[in-house]
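Protein chains: 2
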Amino acid sequence: MALELSQDVVALTAALVDIESVSRNEGRIVDEIDAALRALDHLEVTRLGNSLVARTRLGRPERVVVAGHVDTVPVNANLPARNDGTLLHGLGSCDMKGGVAVALKLAAGVPEPERDVTYVFYECEEVEATENGLRKIAEARPDLLEADFAILMEPSDGVVEAGCQGTLRVDVSVRGERAHSARAWRGVNAIHRAVDVLARLNDYEPRRPVIDGLEYHEGLNAVLVNGGVATNVLPDLCTVTVNYRFAPDRSEEQALAFVRGFFEGYEVEVTDTSPGALPGLGLPAAKAFIDAVGGIVNPKFGWTDVARFTELGIPAVNYGPGDPMLAHKQEEHVPLAQLTGCEQTLRRWLGAF
Amino acid sequence: MALELSQDVVALTAALVDIESVSRNEGRIVDEIDAALRALDHLEVTRLGNSLVARTRLGRPERVVVAGHVDTVPVNANLPARNDGTLLHGLGSCDMKGGVAVALKLAAGVPEPERDVTYVFYECEEVEATENGLRKIAEARPDLLEADFAILMEPSDGVVEAGCQGTLRVDVSVRGERAHSARAWRGVNAIHRAVDVLARLNDYEPRRPVIDGLEYHEGLNAVLVNGGVATNVLPDLCTVTVNYRFAPDRSEEQALAFVRGFFEGYEVEVTDTSPGALPGLGLPAAKAFIDAVGGIVNPKFGWTDVARFTELGIPAVNYGPGDPMLAHKQEEHVPLAQLTGCEQTLRRWLGAF
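From first to last, the protein sequence lines stand for chains A and B. Following the numbering used here, the numbering of the first sequence begins with 1201 at its first residue and continues without gaps. Following the numbering used here, the numbering of the second sequence begins with 1201 at its first residue and continues without gaps.
Some hints could be false.
Intra- or inter-copy, both count: the list cannot distinguish identical chains.
Unchecked claim - With a Cα cut of at most 25 Å, we get these calculated SDA-like pairs of lysine to any residue:
| hint | residue 1 | residue 2 |
| --- | --- | --- |
| 1 | Lys1529 | His1380 |
| 2 | Lys1529 | Thr1540 |
| 3 | Lys1529 | Asp1436 |
| 4 | Lys1336 | Glu1467 |
| 5 | Lys1529 | Thr1318 |
| 6 | Lys1336 | Gln1207 |
| 7 | Lys1487 | Gly1285 |
By construction, these hints were calculated from the structure, which means they are not laboratory data.
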């Protein structure tokens, strides 16, 4: 069955929400999008796994990517979609089937854009990076992603969010020596020793560098703590899991060097790392887009796949309907006005009125 | 089948070790002890569940309890028993089938003790207090435990350990406010706030009161710490589980009041509490025993069932073969010389030479 792309963007978002597509279960939604896009003569469609690339071939001097992931976090009693007249509620409405619906409306409704467009609809963004559909396309067919600029339609409240902060996660281990808790003086309490790690975190002063006029805001936070063997044993290990969100003027290597220095004297093991992305607002393709959408740009604090485009050498921004703070929440929703507003803005940018 | 009580105390300990009796699986070992004791005309045997009480009825002016639990912690590749000529190795050899073997040798071999004796062999000491066999006897048939003095044959390296410290366990909760870890300034990190709880613990000065000439040594220790929601979320809760070991001059109520005061400003929830036991060395029955075993007495830091006898109004001490620091260890063992030494000392005390 092919998705009906002639319905308005609100109805199309609702239809996408109603096709359950939790990560690793994107087969059906991608089949329906695939069938709908292949029916359009002006697009060349390529499928890799459960990801799709659909390209115009108009020979324009500039090519842009418009991308969105089709998977969602797990169902949480928030299906099917519900339209209350102002907001569309339901799993994925915000993150990010609203953005996917806008992209599909453009793909179908703007057959001759001023700029050539590469639409990307991809799987497995909400799970481990190795499964990520955009990453798989970049590895298997980097030619399909060649472009001058990319828009990732992640929720950004309909305002451009440029760049993104990197993220590094480490386990900081504090050691002690076991003993029976009735004879504590025979051991060394690893949980008590962790006071120094927490004191350093409390003393941390976040960097707030300004890059391309945008003020970033770093963060260094314990996100998990675990220690202890049994309730009558002095613990010999306490592990503090720390997440460092770093501004995009630091590389992953610089971020790790900072964290190792910060926790000098303790074992520091890296468990996850992703680079940030510079906003790149000085690049001509980015400038043109920002002018078209009204000139307002905010920094992106969270990590998104814009960093992946940056690694490919493609300037990229986040721009999409929905409040990013609602992503992954049971009550996520998207304002109907943002859906139609984003669609109109991007139609104008592509030269269709 | 009845246990053979005529074999020497070392062989009897090995035979007891080889009857696997992890807590809640004491049926077979108690059946064998039961059959052996019922064959002895000088004992009146009562069974409650998998616990046994065997009493002489000689009308002596004084009655003493000799008690031991027959269960062990779980098997840990430490069966069957192995005698290396100096040490007997194996699960329960130290905690506390050596002590049980000594008690059985006395029960069978000293038919006319100078003091009437109540032997108690009980189940489920190594699990939650509600299952404890000694507790169940005390509740159902307190008359069976009436006595002037009690010896609990827990491992104490063949030296009298008097009294025991109490133990209190509480969860100390530190609250915060969730936020995405990329926007940490919107929340309050509960793990970071726990620095104050750990700082207080590091500043703790243990009381070391002297009672009946014995110096106790208190302890206040974090034994578990847990906090965190997910690796990209600022945590709103960090729980520090704290174990307070308190000298027996403090009641459970006083201990709790101290801990609540110590952690003032935080939620404190009690998860476990057991009172200590005063050494009671001034009592005539205790004095006579201590003289008989050579006069050396140490304080008991860990909690044992002597506290239960104290609650019943019966002065009690720990005295048994085996190093208490080996209890619950994979490599537990008992020196052969302590088995024979304890047996001889107690035989003398009961007037048999």
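A quick look at each hint next to the structure:
no.	hint	result
1	Lys1529 to His1380	between (44 Å within a copy, 11 Å between copies)
2	Lys1529 to Thr1540	within (23 Å within a copy, 69 Å between copies)
3	Lys1529 to Asp1436	between (37 Å within a copy, 16 Å between copies)
4	Lys1336 to Glu1467	neither (33 Å within a copy, 49 Å between copies)
5	Lys1529 to Thr1318	neither (30 Å within a copy, 65 Å between copies)
6	Lys1336 to Gln1207	neither (31 Å within a copy, 74 Å between copies)
7	Lys1487 to Gly1285	neither (35 Å within a copy, 87 Å between copies)
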